[in-house]
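J.: The primary structure of each chain is shown beneath.
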Amino acid sequence: MIYLLLPAFILLLLVYGAPMLHYLWMSFHANSVLTGLMPEFNGGANWVRIVSDGRFWQDAIQTGRFAVVSVGVEFILAVAIAILLDQRWRGRGTVRAVTLIPWALPTTVMALGWRWIFNSPYGPLNQLTDLVGIETLNILSNPSISWIATVIGDVWKTTPFMALILLAGLQSIPKDLYEAFKLEGGGNWLCLRDVTLPLLQPYIAIALIFRLAQAFGVFDLIQVMTGGGPASSTESLSLYAYLNAMRFLDFGYSATLVVASFVLLTLVCATVWIIAGQWQQINQKFGRS
Amino acid sequence: MKFMQLRRTTTTLLIVLLVVMTWLGLKTALASQTVDVKVLMPAPFADATKPLVDQFNQEHHGHIRLSVVKGPLETEAISDLAISSLLLGNPPFDALLMDVTWVPKYAKAGWLQPLDQWFEKAEFEQLAKGVQPGNEFEGQIVRWPFVASMGLLYWRTDLMDSPPRTPDELVNISKQLQADQKVPWGYVWQGRQYEGLSCVYLEMIHGFGGIWYDPSTGTIGLDQKPGLAAANWLTNLIKDGISPQAVANFAEAESLQSFKMGESAFMRNWPYAWAELQKEDSSVKGKVAVTTMVATSEENSAATLGSWGLSILNGTKHADETATAIRFLTSQSAQRTLAMSHGYTPTSTELFNDPELLTINPILPELSIALNHAIARPETPLYAQISDALQRNLNSSLTGESPSNQSMQETEISTEYIIKSAGGRR
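The listed protein sequences derive, respectively, from chains A and B.
For what it's worth, numbering that gives the first Met the number 0 labels the leading residue of the first sequence as 0, then goes sequentially.
For what it's worth, numbering that gives the first Met the number 0 labels the leading residue of the second sequence as 0, then goes sequentially.
Among the hints, erroneous ones may be present.
Claimed, not checked - Short derived list, chain A residues pointing at chain B, Cβ under 8 Å:
#1 33
#2 45
#3 60
#4 64
#5 119
#6 213
#7 216
#8 246
#9 247
#10 249
Don't read these hints as lab results, they were simulated from the structure.
Even glycine gets a Cβ: it sits at the ideal position worked out from N, Cα and C.
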């Protein structure tokens, strides 16, 4: 019956495999404005350059930091929101719908909104700090903290998505399991640790991998909110690849950046997958699930 | 009888119809002779040229309809917009207002139409020396200068009799003024990691007798004596407290703000700053003069060339009409209008002696001198990358993250890699 998978497999190959191979091929060529935008084999010059390119490594660290922190915060918030939305209470339907609004908004629109909120000296945040009497934060022009602003924007935007996946997971947990646990005298925290989270594990793994992959490739949010600045402190790998292609007209190096970030992302996702698998095994060993 | 009447009415109607249709047809035919010419410009230029565009459209009524597409405010955003449409093949614009640093990149990509058909190289002779470079590519004219601009040293006439001519003099005067508590800071400039920093550095590396990068020979001068000296001098300005720490994050606006409030004895900026300093809210109104950047006694001072010019994009169907529009917008009378209304620096040598302009803009003679010292940034299609490498490393030296010598060595290595991986020489 495996051949029934063939159409899907071919589609994946065409949509993902072919471009990836093309990019891999491009990464071994000079294809820039100097070559008249035509590919010319240049050995491993692009790869030699990427290894010693401080900006690439800085962007890789920044992208990783952005992805891990924002997905981490989103995860904690999403678990809380999902559990809240899973309870029975009046007005739950309305709140469920309202929660989804940030996720439904186009990123560009909401990124512009956040840029305005963080604007100094005219944004609401600045007025708030003025009101309280603390010093202006200047968050979008301070290279050491501006990345936090982008994390806030991302968390606000994508927490609903994660909460939605986790909510679906919660609803698949049979209610009698909770009742049995309570009968045996388990408290709420133990219940969360020993029943809810282990049973939610496959959903958590999916949600984390989806979000990590998305956050790792973040482009629009950063482009609109900070443009990668100040001093390229918020620049993500995809933004750097975009700059190389669109502003520097160096498609060979841009392709190299894309392939390199693809490899990095694969490593990150594989690590998450393996850790999630280990966790499941540990849980099974202790008979928690 | 009735039949005859009907026939006559019908005939009349038909004739009226015929006349109307002919008239409409003629009108459409005439209207279709009007050619639409679209020029993409950054928003401030689009606003400034509005009256000129109206004048042009009146003069060419029925033949050419010029419209200026108002692009984004930021220089790089304009370039991104233009490049996106150029990469797709058919740009919706006939001409583009181009920064001087874009020219080699656009020309090498084959997006610019040579202008030799409409403009002659001899005409460059009527323009100031400083606006002549940066308009040609591989021997052909690809851009015609629209506004001139160059780096200047602003100094306070109330604090000294004559401006410093060498880097050491600038440092010494600043130290003295700071010790006497006349000003909190000696010198404000552009140290943020962006294009302005490259302009500041270019002036200093030439002032110390070096070059940044020469595409024709492949020489990189960053890790050589003048290159290191320039980086070191700038870094020490901050280290020794002559420039505030915040200069490492200053662009033009911040430097201007600080100088305007009387907080500094010197400022590096472009000609536009003059008008700002003469406004009512300026604490230094009437106490400011301009000169060229400092240089060591053996060297000539250098002013980074930063001009805008108009190019015809390949793929336009109305190259002739677009050239007519460019001819008009860059004409001496148009330059005069823009200099009167917006203080734009003219490109034509003659206008620098125009009595009426001199009353509005008394620094024109100094601007003319500075234009003779103008130095173009490296004219290579890879300029954006190599400038980016410089800004990045130099800024980390200014913020004290790495020693200036090391940052220049790293810039030189990055520059080599960039040229190599893009398929250039070496």
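J.: The structure should be examined with respect to each hint, and the outcome stated for every one.
T.: Going through the hints against the structure:
no., hint, in the structure
1, 33, "holds, 5 Å"
2, 45, "holds, 5 Å"
3, 60, "violated, 15 Å"
4, 64, "violated, 18 Å"
5, 119, "violated, 13 Å"
6, 213, "violated, 24 Å"
7, 216, "violated, 19 Å"
8, 246, "holds, 6 Å"
9, 247, "holds, 5 Å"
10, 249, "holds, 5 Å"
Checked against the numbered hints above, the structure violates hints 3, 4, 5, 6 and 7; every other hint is satisfied.
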